[in-house]
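Enquirer: Sequence:
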Amino acid sequence: MTLVLLLLLVVLFLINVMNAVKFKEIIFSVFKVRFIESQNDENSSLLSGFQMFFFMFSVIVFSLLFFYIKIIYFGTQPTDIQEFLKVCSLLFFYFVLKNIFENMLSFLFLFKRKTARFLSSKANYFFAISVYSYCLILLKQYANLNQSLLNFSALFLFTVCFIFYILNNKNLILNHLFYFILYICAFEIAPLLIVIKLMF
56 MTLVLLLLLV VLFLINVMNA VKFKEIIFSV FKVRFIESQN DENSSLLSGF QMFFFMFSVI
116 VFSLLFFYIK IIYFGTQPTD IQEFLKVCSL LFFYFVLKNI FENMLSFLFL FKRKTARFLS
176 SKANYFFAIS VYSYCLILLK QYANLNQSLL NFSALFLFTV CFIFYILNNK NLILNHLFYF
236 ILYICAFEIA PLLIVIKLMF
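If you're matching positions, the sequence shown starts at 56 in the numbering used here and goes up one per residue.
Errors might be hidden in some of the hints.
[To be verified] Quick list of in silico lysine-lysine cross-link-like pairs, DSBU-like style, CA-CA up to 35 Å:
no.	residue 1	residue 2
1	K125	K77
2	K77	K177
3	K252	K177
4	K252	K141
Everything labelled a hint here was simulated from the structure, so no lab data went into it. None of the values given here were measured: they were computed from a predicted structure.
My request is simple: use the sequences and hints to build the entire structure.
Expert: The structure is reproduced here in structure tokens:
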């Protein structure tokens with residue numbers, strides 16, 4: 056586990072070296088109601104080095120959160136590398152396929168321009184949550200943070216970020232409320248429930 060956390064620290068350092076301004080903007084501006092992405096953010100490639108490293112970092116962090124749940128509540132051994140890799144692989148394919156389908160549908164239905172800011176905002180919140188969750192995991196690992204407190208803190212973090220995410224995109228969401236609800240059910244909730252079922 057220590058090696059994984061050290062790897063994440065190295066990845067976080069590389070992300071900061073690649074684009075320190077963008078990194079700080081994501082971390083410190085995420086809880087502002089008016090979190091405005093620049094035009095460059097909207098047009099940035101999902102395959103850029105910054106995005107790829109942050110994506111890898113986020114997947115591993117969320118894998119650790121689920122792995123801790125399996126350790127505490129399902130009796131998984133902390134040294135079970137195969138189980139951790141299984142969790143990591145499931146989340147990796149979940150997020151990759153979800154991003155592919157999101158961008159593919161926005162392109163096919165000519166929504167790319169409208170959804171560019173929406174997807175960029177979502178990616179920023181996704182990255183920010185992973186960084187804050189990493190801090191919680193460090194507290195859990197080295198300060199004996201209670202598992203229930205870790206779960207509550209992570210859930211609270213997700214809830215708060217989701218609220219700000221809605222507020223920052225309220226105009227687009229309200230104008231396309233039906234499609235937004237359909238998107239949440241089809242691309243967020245249903246696939247995630249399947250992944251969780253495969254994990255546990």
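Enquirer: Taking only the CA atoms, is the gap from K252 to K177 under or equal to 35 Å?
Expert: Answer holds: K252 to K177 is near 24 Å, not above 35 Å.
Enquirer: Can you confirm whether the C-alpha distance between K125 and K77 stays at or below 35 Å?
Expert: Holds. K125 to K77 sits at ~34 Å (cutoff 35 Å).
Enquirer: Just to be careful, I want the Cα atoms of K252 and K141 compared with a cutoff of 35 Å; is the pair within it?
Expert: 13 Å, holds
Enquirer: Is the Cα-Cα distance between K77 and K177 35 Å or less?
Expert: Satisfied, since the Cα-Cα distance of roughly 15 Å is no more than 35 Å.
Hint compliance for this structure: no hint is broken.
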